[in-house]
Every structure is written in C-alpha cells, then in structure tokens.
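S.K.: Following the hints, position chain B against chain A.
Residue numbers (this note's numbering), protein chains in the order written: chain A, 79 to 391; chain B, -18 to 38.
No false leads were mixed into what you were given.
So the derived label-pair ranges between C-beta atoms look like this:
{"id": "1", "chain 1": "B", "residue 1": "A13", "chain 2": "A", "residue 2": "R300", "range": "49 to 57 Å"}
{"id": "2", "chain 1": "B", "residue 1": "L16", "chain 2": "A", "residue 2": "G285", "range": "35 to 43 Å"}
{"id": "3", "chain 1": "A", "residue 1": "A159", "chain 2": "B", "residue 2": "A7", "range": "19 to 27 Å"}
{"id": "4", "chain 1": "A", "residue 1": "W220", "chain 2": "B", "residue 2": "S15", "range": "27 to 35 Å"}
{"id": "5", "chain 1": "A", "residue 1": "V200", "chain 2": "B", "residue 2": "I25", "range": "17 to 25 Å"}
{"id": "6", "chain 1": "B", "residue 1": "A13", "chain 2": "A", "residue 2": "L184", "range": "17 to 25 Å"}
{"id": "7", "chain 1": "B", "residue 1": "G17", "chain 2": "A", "residue 2": "S93", "range": "20 to 28 Å"}
{"id": "8", "chain 1": "B", "residue 1": "K(-4)", "chain 2": "A", "residue 2": "V352", "range": "50 to 58 Å"}
In case anyone wonders, no lab produced these hints; they're calculated from the structure. Heads up, the beta-carbon is just placed ideally off N, CA and C, and yes, glycines get one too.
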Amino acid sequence: MSVTVARIEPRVEPSIAGVGDYIGLMKPRVMSLVVFTALVGLLIAPGHVHPVIGLTALICIAVGAGAAGALNMWYDADIDARMARTAARPIPAGRVARGEALAFGLTLAGFSVAVLGLLVNVLAAVLLAATIAFYVVIYTMWLKRTTPQNIVIGGAAGALPPMIGWAAATGTLSIEPVLLFLIIFFWTPPHFWALALYRTDDYARAGVPMLPVVAGDKETRRQILLYTLLLAPLGIAPWFMGYAGASYGLTASAAGAIMIALALRVRAETRGHVASKQMFAFSILYLFLLFAMLLVDWMSKSSFGDALGRFAA
Amino acid sequence: MSIAMSEEKPPVGIKLTEQQLRARRARSIAIAVSLGVLVVLFYIVTLVKGPGVLERP
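Extracted from the complex, chain A is given alone in its bound form (with noise of 0.2 Å):
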C-alpha cells in the first residue's frame, strides 16, 4: 500500500491587522455614545457608587459594544462590502479576516459580560449580555435582512447601556431607567431613517430593506414625523415627572420642538436630502443634549456639584 503525502498549502494568509483596525472593529463611535449614556444612568441612579466600581462598569460596557460590532461586522461583511459608507471597514478592506473578528468579538463579549458580573453585579451582566445578543442574533442575523422594521426592534439594544449603567449602580431597575430606553428607543428610527432617506441606492444595493427602500421616501418621511411627535414629549417626562429639573426641562422642549420642526421639514421635502442631512445631524446632538443636561441637572443636586461649586468659588 502506498500513500502519498500531498503538500499542503496554507490557505489563509498571516494576519495584518494592526491595533487600529481592531479598534475600528470596535465602532469606536457607537460606542462613545453607549458609553455616555451609560454614564448618566450610572451617575443619576440614586445612592453612591465607588469611583472605581463605576468606572469598571463602564469599561465593561464599552468593551460588550464593542464585541457587539465586532460581531455585526463579522456576519455583515458580505453588505458591508457593498455600501460606499462601510466598504473601508476592516473585514471588507481585507484587512481584518472574518474569523478573527468572529473570535475577537466573542472574546471581548465574554470577558466583559464576566467581569462585570464579577466585579459589578449580575443584573448589569445580565443586561450587558441581553444587549449583545440581542443586537448581534436578533438585529443584527435576522432583522437587518427581512423587515423594514429591523432598526425600530433593533434599536432596543441601542437603548438599552442606561438601563445597565443604573443596574450597575443600584443592582435593581425602576421607572427612571426604563424613560431613559424609550427616549432612545424612540429616538432611533427617524435618526436611522433620515440617514437612510439619503443613503437609499446604498442599502438597496446591499439588499438591506430599510423603509425608504421597502416603502418609499413619501411613508419614510411620514414615519419619520409620527416617531418625532411621539419621542418630544417622551424627551420631556423626566422633568414633569419630577426626575429631572427645570434647565433640563426647558432644553429637552427646545430640543424637542426644533425635532418637530426639522421633521416637518423632511415631511415637506419634496426634492433633495437637506432637511433629511439636518435631521440626521440634528438628531445626534439632541440626545446628547437631553443625556448632558441629566448629567448637569444631576451635578446641581449631588456633592459633586457642591464640591464643584466651592472649587469655581
């Protein structure tokens, strides 16, 4: 009998991915988002947490988002691949391989989802981990490709970091986390759709059935208005529900009415994409504003304001 022993070649090429593509794995912008809101529902919880717990809780965070993108570039590589906006990401510019972001994510999923768990609470790991798979199985392999609905559902994992940033802090959950979700819940799909009224030939191309590529621009743009009129007065509830105070109050109605306004805007578009490019941008700088005055509403209350208070005096 005689055998003959083949060469075999390598069939992937060593790696030269670098740090930063790592990194941009980690879709570091997304992440500064989840971070910040985390950051308030963390702060604004009530009772002290440890300096050093909560800033653990926030790494851990940052690094499940992280493992979260990671993982939705891993399994949309193939549409990635097709959009002018996500063609340089690192899976489709062949700069990172599949199965390295695939056992990258998973990586960082783990340990942040562990340590947390560790080192903060369950109830945070548990959301952490609900948010991650959610976002990746539920959004992410199944959504994203079928329903035109997919960022509406999809964005509860987007919404979710300030529910686990007070899980963090007090170990429980109560009204106020769950007003902060449904301001970005509600927040998400004329943010994701305004970019989408201007990004159509893009998500067609890639097959992705967003609403302006499943319904057209006319029901994109009404859908866009009904969210907005339901997510200002959503913007608005934590002031005249006592959790927040007047300064907060009176931006989030300022901020509230010119979404109104931006929004009838793109209603009323009927050639071009300015309103929907305003919208867009805009959108991003209301829930900053609304997360930013929590936080100095919540600096105006708490020692820490005091003690700032005294350092400028």
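M.R.: Leaving out everything else, chain B in the frame of chain A:
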C-alpha cells in the same frame, strides 16, 4: 507498507513579511496591555471591596 513522498521539498513554514511581523508585534503588545489592565482592575476592585468582593449582589 511504503510511503511515497512527493518530490517537492517539505514546507519550511511561513515566512512573515516585515509588515506582518510589525502587525503581530503590535497585536501582542495590545493583548499584553489588556491583560495587565485586567489584572490591575481585579487587584484594585479587591482592595476597594475588601472581603465583600466575594459577595455577588
């Protein structure tokens, strides 16, 4: 039983290019730093929590 080897020389392994070597070194350093941060984090949290570090709220 006889084993007939192919006539080509056996592979001597993968020769990394300069760019691949640089990238691998950077990744190795990043992994080392991350693990170092994790160790320091556990150490500091243990100091902060004291014996309570073993309690899972």
